[in-house]
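Visitor: What follows is each chain in one-letter form.
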Amino acid sequence: MTSIILLSIFGILNLFMGFMRSNKVLLPGAMLLLLAVFGANLADWNVVHAPYFNNMLVVDNYTVAFTGIVVLTTIVLLPFSRSYVVAGETNLAEYYALLLFSLVGAVMMIGYNHLIMLFVGIEILSISMYVLAGSSKRDSRSNEAALKYFLMGAFATGILLFGIALLYGATGTFVLSDLAGAVAAPENASLQPMLYIGILMMIIGIGFKVSAAPFHFWTPDVYEGTPTFFTAFMSTVVKTAGFAAFLKLLAVALPGAQGFWLPTIQAMCALTLLLGNVGAAVQTSTKRMLAYSSVSHAGYLLIGLVASRGNLTGDAASGIFFYSLAYSIATIAAFGVLKLVADHRQRDDYAALNGLGKTNPLLAFSMTVAMLSLAGIPLTGGFFGKFFLLAAAAGQGYIGLVVFAVIMSMVGLYYYLRPLIAMYLRPAEEGATPVPVDGIQTATLALLALLSIVLGIVPGFLSGIL
Amino acid sequence: MLTAVLLFLPLAAALLLLFIKGAAARALALGASLLEFGLAVYAAFAFKATGTVAFNLNYAWISSAGINFHLGLDGLSLLLVLLTTFLVPLILLSAFKHKYDNPSTFYALVLFMQTGLLGVFMSLDAFLFYFFWEVALIPIYFLAGAWGGERRVAVTLKFFLYTVVGSLLMLAGFVYLYLQTGPAAGSLAQHSSELSAFYSLKLSAAEQSWLFWLIFAAFAVKMPIFPFHTWQPDTYTEAPAPATMLLSGIMLKMGIYGTMRWLLPVLPLGVSQWGFLVVILSVIGIIYGAIIAIRQRDLKRLIAYSSLSHVGLMAAGVFSLTQIGLQGVVIQMLAHGVNVVGMFFVADAIERRTGTRYIPDLGGLTRRTPILSVCFLVMLLSTVALPLTGGFVGEFLLLAGVYQYNAWVGAVAGLTIIFSAVYLLRMFQRVMLGPDSAFSETITDLTGSELLILVPLIALVFWLGLFPNSFLHISEPAVINLLSLVGR
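Chains as they are written, first to last, in my numbering: chain C, 1 to 466; chain U, 1001 to 1488.
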């Protein structure tokens, strides 16, 4: 709860700091504020709080763990906004404020105990993101991205809300634990069509937010058009919060309807893995590849939902937590390097990375660790993320799904190697100059690479915590 | 404790190397690898060949999942650790002969790779084994990719995809086995990935049948045996010489070692079902590699195919499941490691002097290079398995084992010696003897520092040939253990 309050206050504070017209103060200021939020959040670990606001919001270890991921992700993302500072961007304070507000939404999505809270959280998060997607006002691609994201997003939210309404109609409650009882109650059997349509609509709505196939179609275009800095936020924070909400919905409210949603999620999972990986393999732009790769990672996380079988604790839930963390760290590093390189070389295809191993060894190394982690190669956190999820699923007997996921991760190897090939095996263009990187970005990239490797060597301290 | 030092010393040196440039980098890399060899020799002397695992080191790694950081050495792993630590300093010395960009990164990757290799040979936990299996791949990918020849991009991509696909299948197999295990004593986790837990599994024949191929896929690609070999000749040819030596001298043994430790005793029914097929594939590989080697005009490619042919015999020996055959595999792993590194070094020495590996361009080199010729000949004759050399002992035992397994297969496999005499002697004749070429008068003989690499190799060739028992007695209890686990 403290994190929601702090984030809201700091968001408003940031808006006022915009009056000072001093971009130099803004960046470290925002980072410090977020660090304070991170600390306040960790202080809630293993502390029992009564539910807030008439049982609408709960702060338990689950909330603390996923909030930790989204806040940490935002902290390490901020240094890559340096180019806005340098360029004297006049709206920087608003950008930071919107990021903080959308974090409030993310935390509400993670901690909700009431469907309306979920809806409010998703809306707070999304509306900030619609604005930020279009923040590059004079770039037609950014405008296109914002419009597409807004139209599709509004539509999906409508479906989600309709689903919530139907669920309420069928059960008469919004509170998750009451829902669970009502869904399982035999006297509600006659209401089943309404109930199932409601569940399906909610799955569609959230599936859209986490870009799970077949509701992923907006992802590549929106990710590509959105300024890279905000794309990184979209593909990490939005996805992590979305999956935390998804798992909670299925595990707490709907375990009684497993027979209905398990096959649905399984089918979505297989389709997401297929379309994400195959889509990524045929891209020529690094940014679009990362967009499709984020779709494919939604597929791996969906395996966790299947394996959870309606359990908020245990192997599968811990696996989703670990995977989200490893994925977020690697994705921020990948987008961070891509942003620095693309800003300097004015292009974002694979060839933009040519010879980076020579001109900027640290950027190249950071990108390498990120790619290996996303591909799930040992020594990186991504490997254990996949391992925990797949082992949990195999333990529940979903052998077919696991085999399919392993085959798809082989496809993944192909496209994650392409940036490495460009960076190390191809020479830089004539007269290519090193990409300028400042101290705090260097430190952040080194930290991200280190975190990925630490998660890949001693995962024990974060595995199985839920 | 000793195993941990063995494992982390090269890694520490590799990390240090990232900050050191110039001559100090060479000294550090070489010093660390020599110290490592010294430690391995010390381990060999402290080791009692009783069939038990020595130098155990067992910590909980991921305790919630029952995965342990468990290292140890038995006779089999000890010999491979010795081979690895013996070859790495020589490979580093051969790397000093080249002017690579970023040399300290190059040395760091070699040492990093050594950690991965040693980890593979010492792990007694399935996931730790898999972990190091992949760790060994990352540095060699960059070594071959960043410092390789013109076609390196396509070739290393193929290599990487082949090996990773193989190892992912192995991982899937391991996960299945892991989920069948019960909790280890005193552990809270539901399953255990300890080697001993895998050994005590009782799986049905039907399960073992498909699990066999999942796990064997990784080993078959790494060795490689026919038809999983297509990455091998290209990669050996395009990689820089030290990387080729690592690949052929040590990395190939990962596949054979893995089969012996993680396949035969874990899936004995699967092995008895599919063993004959694998032996047939291996024999096909022997003949196939040899015939293609005869037609090769690129020195490195010829040695690559020769290696393919020889590894086929080792694979057949593994699946013969006889004591004599497995002992042959052990000694041949050492002999082949020494031979192939020596051969690639000589080929590299010739290429550095003449600028070409194209056999028809070479010829008549002996006159100016008597020492080089002698060294080349020794390595070559050991590869052909002439008595007195290590290659002879290995191939003799192997053929004896395969003959015991099936006389007809043994007879066909025996062709490997005849074939290798054909293509290797013919190659020697065309490169070193024969009509003069453009380089006959200008080529210089081996320098002292190059002899520093070849003399230890030659010494080991003869040692293995004359006193094989000094190594065989180390591995014997381990091999007997292995056979009793398989049920032979």
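Heads up, a few of these hints could be off.
Unchecked claim - Okay, derived cross-link-like pairs now, DSSO-like style, lysine-lysine, Cα gap no bigger than 27 Å in a straight line: (1) U:K1021 - C:K358; (2) U:K1202 - C:K358; (3) U:K1099 - U:K1202; (4) U:K1048 - C:K358; (5) C:K137 - C:K148; (6) C:K24 - C:K148; (7) U:K1099 - U:K1048; (8) C:K358 - U:K1099.
What the hints contain is simulated information worked out from the structure, not anything from laboratory work.
Just so it is clear, the structure is predicted and the values come from calculations on it, not from any experiment.
Visitor: Can the restraint linking C:K24 and C:K148 be considered satisfied, given a maximum Cα separation of 27 Å?
Guide: violated (33 Å)
Visitor: Starting from C:K137, check that the Cα of C:K148 is at most 27 Å away, please.
Guide: Holds, at roughly 15 Å.
Visitor: Take the C-alpha atoms of U:K1021 and C:K358, compute the straight-line distance between them, and say whether it is at most 27 Å.
Guide: holds (16 Å)
Visitor: Quickly compare the C-alpha distance for U:K1099 and U:K1048 to 27 Å and report which way the hint goes.
Guide: violated (43 Å)
Visitor: Can you confirm whether the C-alpha distance between U:K1099 and U:K1202 stays at or below 27 Å?
Guide: violated (54 Å)
Visitor: Sort out whether C:K358 lies within 27 Å of U:K1202, counting only the CA atoms.
Guide: Violated - the C-alpha atoms of C:K358 and U:K1202 are around 53 Å apart, more than 27 Å.
Visitor: Within 27 Å, alpha carbon to alpha carbon, are U:K1048 and C:K358?
Guide: violated (49 Å)
Visitor: Assess, step by step, whether the Cα of C:K358 is no farther than 27 Å from the Cα of U:K1099, and give holds or violated.
Guide: holds (16 Å)
Hints 2, 3, 4, 6, 7 from the earlier list are contradicted by this structure; the remaining hints agree with it.
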